[in-house]
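A.B. asks: Residue strings, one per chain:
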Amino acid sequence: MIENLLFELEMAAPQVILGLVNGAFYALLSLGLAIIFGMLNVINFAHGAQFMMGAFVAWMLLAWAGIPYWGALVLAPLLVGVFGMAVERTMIARLYKLDHLYGLLLTFGLALIIEGVFRNGFGSSGLPYAPPPEFGALDLDFDFLFLPGYRVWVVIASAAMCLLTWLVIEKTKIGAYLRAATERPELVQAFGINVPRMMTLTYGAGVALAAFAGVLAAPIYSVNPAMGANFIITVFAVVVIGGMGSIMGSVVTGFALGLIEGMTRVIYPEASATVVFVIMAIVLLTRPAGLFGRG
Amino acid sequence: MSDRAMLEIRDLEAWYGESHVLHGVSLDIHPGEVVTLLGRNGAGKTSTLRSMMGLVGRRSGSIRFEGRETIGLRSDLIARTGIAYCPEERGIFASLDVTENLMLPPVIAPGGLGLDEIYTLFPNLKERARSPGTKLSGGEQQMLAIARILRTGARLLLLDEPSEGLAPVIVQQIGAMIRAIKQRGFTVLLVEQNFRFAQTVADRHYVMEHGRIVDMVANQDLTASLDRLHEYLGV
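Heads up: the protein sequence lines correspond to chains A and B, in order. Take the first sequence: its position 51, counted from the start at 1, is 51 in the numbering used here, and no numbers get skipped. Take the second sequence: its position 122, counted from the start at 1, is 122 in the numbering used here, and no numbers get skipped.
If you are wondering where the hints come from, they were derived from the structure by calculation, not from laboratory data. What you are looking at is a predicted structure, and each value in this text was computed from that prediction instead of being measured. Where is the CB? At the ideal position from N, CA and C, for every residue including glycine. Hints may be right or wrong, so weigh each one.
Stated by the list, open to error - The following label-pair restraints were derived from C-beta to C-beta distances:
1. Lys173/A / Ala109/B: 12 to 22 Å
2. Thr134/B / Leu101/A: 38 to 48 Å
3. Ile282/A / Glu18/B: 40 to 50 Å
4. Leu167/A / Pro106/B: 15 to 25 Å
5. Lys173/A / Ala176/B: 27 to 37 Å
Make a model of the complete structure from these sequences and hints.
C.D. replies: Right, dumping it as structure tokens:
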């Protein structure tokens, strides 16, 4: 009996860990989407492409400029964030007075263009990006399970970044401006705050979070133009389940759904690709505003 | 009352999309005055305040504040010239606690009230410091909405119907508070429908109808002009 259980555990653990790593990416990506949606009312369909750009920029920094992983972890989000701000200023800012749908269409078009450009430039087969060797020290080697240190780092880094973002939003003055402007942008501006600039910075920050996730993902998945598109559909389901625009909701739901997906792969593998969407359907039927959504 | 007007509005017109809401409003406010805009619903009182803050779709005419033309400025830049706005719906943020709401508007000039003074004027706000802003009573929310613009150093306060929907005893407190801030040298433009309340705080009253100023009554003449006012306000 006990041997049986150990065997089960041996089978289950890698999937659960993999689920947690996926959850780390879901959380970071849906967090960025939630911040952008909350402040700009734009459903940022380019989020997956911006995640992919983060990974590519990390690869370019290493291949072309010799800047290693740690530098890329800081630089790539900054660069992609600045790109995002330029996109917001020149294109998205024109759509705020229109229906959500226009922002979604614009960013969807952008995603297709960005992915097309990268496919043209780098092909679709994917480029290798080796995890930095220092993570070898973090490797966890249990009898029944070998856990590469890099994956441990991804979960820690994602959780830390989510916590940091939450602290900034909930506990700082900048966060108070952000929350207030999410509720009543017009009044916040009438208090003397440059709300259009805040929106640009918020979009940049949300995009930078996606790029940060992209750098984290580069050593795990091969760096390829479709890597974001593969993730983003699930991430949108996560956002819907958590509640559109809810910060806490997106983080908790991201990690939880990664885990649920992993466990489904153990219990009933056939359902692992659809379980998130089944949950989404149930949540939409019972709590249309999402688990953490207001109203 | 000094000779030079602090605020001079001339021929102000404003539109929300296609609808033309102000048809040439002109008025003056002098430093240290409390002036009201009286009028029925839809007369253009709130639109006048919102136009001053740059919160309408389109506007034309002239709004000079302390000699500076603000008609073309974005609303955050208008605020930074020294005008603060308290909207009719109070605009208390649900996701911010009382202290965060109070501290939200940035200080734009020296000379605003310090936190100690604010808590002396509004002791409830200190007791409820950590409550979410919208968990306060209506009166407390109104106090908070006014308190937070006293901190910023703005010299001209635009208050949109602070007495609306509040119990008489709270309205009296708000009246006392407006007299207290007048004593501290603030200038106030107050939108009101309740002229009995307006009478207790204001120096002068402008009457609006159909997006225009149609009359001006000094407070000491108000009682003598009651018949005229009843006609304007339909009370």
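A.B. asks: The structure should be examined with respect to each hint, and the outcome stated for every one.
C.D. replies: Hint check results:
1. The supplied range of 12 to 22 Å is met by Lys173/A and Ala109/B, whose beta-carbon atoms lie about 19 Å from each other.
2. The hinted window of 38 to 48 Å between Thr134/B and Leu101/A is violated, with their beta carbons roughly 30 Å apart.
3. The hinted range of 40 to 50 Å is satisfied by Ile282/A and Glu18/B, whose Cβ atoms lie roughly 45 Å apart.
4. Look at Leu167/A against Pro106/B: about 21 Å separates their beta carbons, and that is inside 15 to 25 Å.
5. For the hinted restraint 27 to 37 Å between Lys173/A and Ala176/B, the CB-CB distance of approximately 32 Å keeps it satisfied.
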